[in-house]
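Student: Residue-level listing of the chains:
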Amino acid sequence: MLRTIGKRLALLVPTLFGLSLLLFLWVRSLPGGPATALLGDKATPEAVEQINKLYGFDKPLIEQYFTYMGKLLTGDFGVSLRTARPVVEEFATRFPATLELTAVALVFAVGLGIPLGYWAARHVGKWQDHLSVFLSLGGVVVPVFFLAFILKWIFAIQLGWFPTDGRQDPRINATHYTDFYILDGLMTQEWDAAWDAFMHLVLPGIALGTIPLAIIVRITRASVLEVVNADFVRTARAKGISGQLIRKRYVLRNAMLPVTTTIGLQLGLLISGAVLTETVFAFNGIGRFLRDAIFYLDYPVLQGFIIFIAVIYSLVNLLVDVSYNLIDPRVRVQ
Amino acid sequence: MTTSGQTSRGGRLKRRGAALTATLAIGALALSACAESQREEGEAGGNDAAVDSTFIFAASADPASLDPAFASDGESFRVSRQIFEGLIGVEAGSADPEPLLAESWEQSDDGLSYTFQLKEGVMFHDGTEFNAEAVCANFDRWYNWEGVNQAKSVSYYYNSLFKGFADSPENAVYESCSADDELTATVNLTEPFAGFIAALSLPSFAMQSPTALEEFGADEVSGTAEAPVLSEYAMGNPVGTGPFEFVSWDSGQQIELTAYQDYWGEQGQVQDIIFRVIDDPTTRRQSLEAGDIDGYDLVAPADTAALEEKGFKIMARDPFTILYLGFNQEIEQLADLNVRQAIAHAIDKDALISQTLPEGTKAATQFIPDSVNGYAEDVAEYEYDPEKAKELLAEAGYEDGFTLDFNYPTGVSRPYMPTPEQVFSNISAQLEEVGITINPQPNKWSPDYLDRIQGGPDHGIHLLGWTGDYNDTDNFVGVHFGQPKADFGFENQELFDKLTEARGIADVEEQTPLYQEINADIMDFLPVVPLAHPAPSLGFSPRVESYPTSPVNDEVFNQIVLSE
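These protein sequence lines are chains A and B, in that order. Going by the UniProt record's numbering, the first sequence wraps up at 334, each residue one higher than the last. Going by the UniProt record's numbering, the second sequence wraps up at 564, each residue one higher than the last.
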């Protein structure tokens, strides 16, 4: 087991190296340069030239790449061109926000998706089934930003049940230790702050969690249907084991295998989906920062963030495989 | 690590998780009740102030730097105007300079020395006294910058206006500063600079506490030349003499300021300011509608009527902008004055303004707004006359018209041009009317558009504009027509020389007739069609009784009047 993990981690190194090269070339091949974006409409050509010189963008690509990699290997992700702060710092202040949002989205997707999928499978062919298939299809088809916009318009602006944007009401004087606002609120017993932070997460969480929700519903449904018709379930039933026990111990547990994989894969998608959700809800996470970085061609941020996300994605994948290994004895034997 | 251990731990965790969820849910319900009661108490307790003294304003971005000397963007200046004050301020509602921390000043006969009499009893937020030495410390600080600090991307305004530094004194406009006594400071220049006083009203030249500058290493822009990192001062320790002092900056989220209790002037109703960073214009509008913010800048023209209808307040700034249609004379047809005049006559500015620009916008007859020195009454005006346009085209040999590239930016909103796509469509239709076929050239604003227009000759007619920084004519006409520029692709040495001459005159009164002449010349030569001076609008919640709108954005929140 440990060997497998070790091997996978070792493989990560060349993968990331390749990715960094591709990423570097791609980012630099984007049209235009960051200088005009930085200087705005009062930029003179000389000022643009000065900026390019200042940041070394006038040097040959290959030289720029090696300089960049050399720094990267020492943990130096460079400095954001737009905010003039170290990329690592920018990232560290925003990542908790995105993680909090992703967690809420995932809880929403899993918490609702598995029961809904199971419910559909139990009533296969009936209206319950059709309804859940219809809803999950809708979930996949509606774009995240559109859903985010609609949710906000109805529940925040028209009904006023939820805040429109941000992570916390600015009037609340909250203390922050971890930058996970709910956690901070609970830790410092500032219940008001924790509740407010939670309310700020509801709408973006739902918007972000809808696509994974739809996918989890469908996978759960298909998986449960497959297991229900499996031989061992039929045998168990023939043995006279109660329906509830069969469902719990035989069906659900076995059906959860593919669902686990799906949930793991959704995590990566959630982080990329955060770009749109965070934009609509002016949520100060890495998603919105990444969008700004694209807009301003903030090379160091773009490169650093994507590499970081790639690492997270790889680690999550590894975790999924490991947990798969733990849940299913057959995988372990192989 | 054993598998069975993991599984059973997992099981326990799951149960614990379920219990935790349930507890949280119950807790949350109880909390919401708590939170509400706390809020009610809070509001009841704060009643003696009569109004809610926290003012929340939506900023479209983080400030680039809290040290205004190293900033040139509007969002940085908006924050610094609350914290800092300069020797020179701006007369309310106008663009004209007036005394602020300097009570008065005298200019020497040769125009090279300015002696400032300073206001008495002014303190910086950190307890440092504001005096002549503090003034000189600031001037000397700018002048002695080295390395990265000299880059135009870092110290834009000092670079642009004072030209050189201590290590290149041959270019420098600044020479020295002396503290004559406690409250008298003399600044010496190396050459006459008529815009000096007006320039000092820019937030970049605000007075900062010498103690704090030193303590927090304001000039230590760390990192390397390739990658400058803001100083500790610029990231979170700005100290000025203004009505508000800095509290915190949560990057990407909000900036908090609070009233400075020992402020020398009127403190006003607002005690706490929160600048929330909301970059999306639609979200800003929605946040205002939902009551989450008290106000925001640059309301889209399409939103003003709807917001007003719902009871929100829209306030327009006096226009200090110019929106123009630029000609690129590298293009054969555009090099012909008749063609340029024809295009000018083909445009119905009033229709353009009523259909695409915010309320309060004025039609432009020349390149500068009427509040700027040198505005000329008698310039060649090109009234809307499509027949005349056709005649002029025929005269130029294009009776059947011709095809013209029209560059315009997309996905951007500027103070002088809230909706470029609409302005483009409107003008295109008018030009098609007189027989010019338009070949649309849309470009993403950042980073393509400016590169295309300013980087080389590969563009046709184009939309651009300018927002004045302070009341100085050179800041409008000198910047645009004082030297050859790829935007316009012409060489007009006579015009260049006149602008250089006007810039070198120390006395504003003497400058005025020359600038009037220059403005008339520009309209005869017609390098651009000045279209309009759009008025940027701000939107506020109904509780905002008044807001000190300023053409140059010199808006300090201690002057806001609130009703509840």
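Note that these hints are calculated values from the structure, not bench results. In this text the structure is predicted, and so the values were computed from the model without any measurement. For glycine and all other residues, C-beta sits at the position ideal for the given N, C-alpha and C. Among the hints, a few may not be true.
Stated by the list, open to error - Using 25 Å as the maximum straight-line C-alpha spacing, the simulated SDA-like pairs for lysine to any residue come out as follows:
no., chain 1, residue 1, chain 2, residue 2
1, A, Lys59, B, Gln150
2, B, Lys444, A, Leu159
3, B, Lys310, A, Ile150
4, B, Lys444, A, Arg291
5, B, Lys313, A, Leu159
6, A, Lys53, B, Ala394
7, B, Lys310, A, Glu46
8, A, Lys53, B, Gly456
9, B, Lys444, A, Ile294
10, A, Lys53, B, Gly460
11, A, Lys53, B, Ala151
12, B, Lys498, A, Pro45
13, B, Lys444, A, Ile154
14, B, Lys444, A, Gln50
15, A, Lys53, B, Val479
16, B, Lys313, A, Asn52
17, A, Lys53, B, Asn171
18, B, Lys485, A, Glu46
19, A, Lys53, B, Asp73
Unchecked claim - Going by beta-carbon spacing under 7 Å, a handful of chain A positions derived as facing chain B:
no., residue
20, Gln50
21, Leu54
22, Ala84
23, Thr93
24, Pro96
25, Arg171
26, Ala174
Student: Which hint numbers does the structure go against, in order from smallest to largest?
Tutor: 2, 6, 7, 10, 13, 16, 24 and 26
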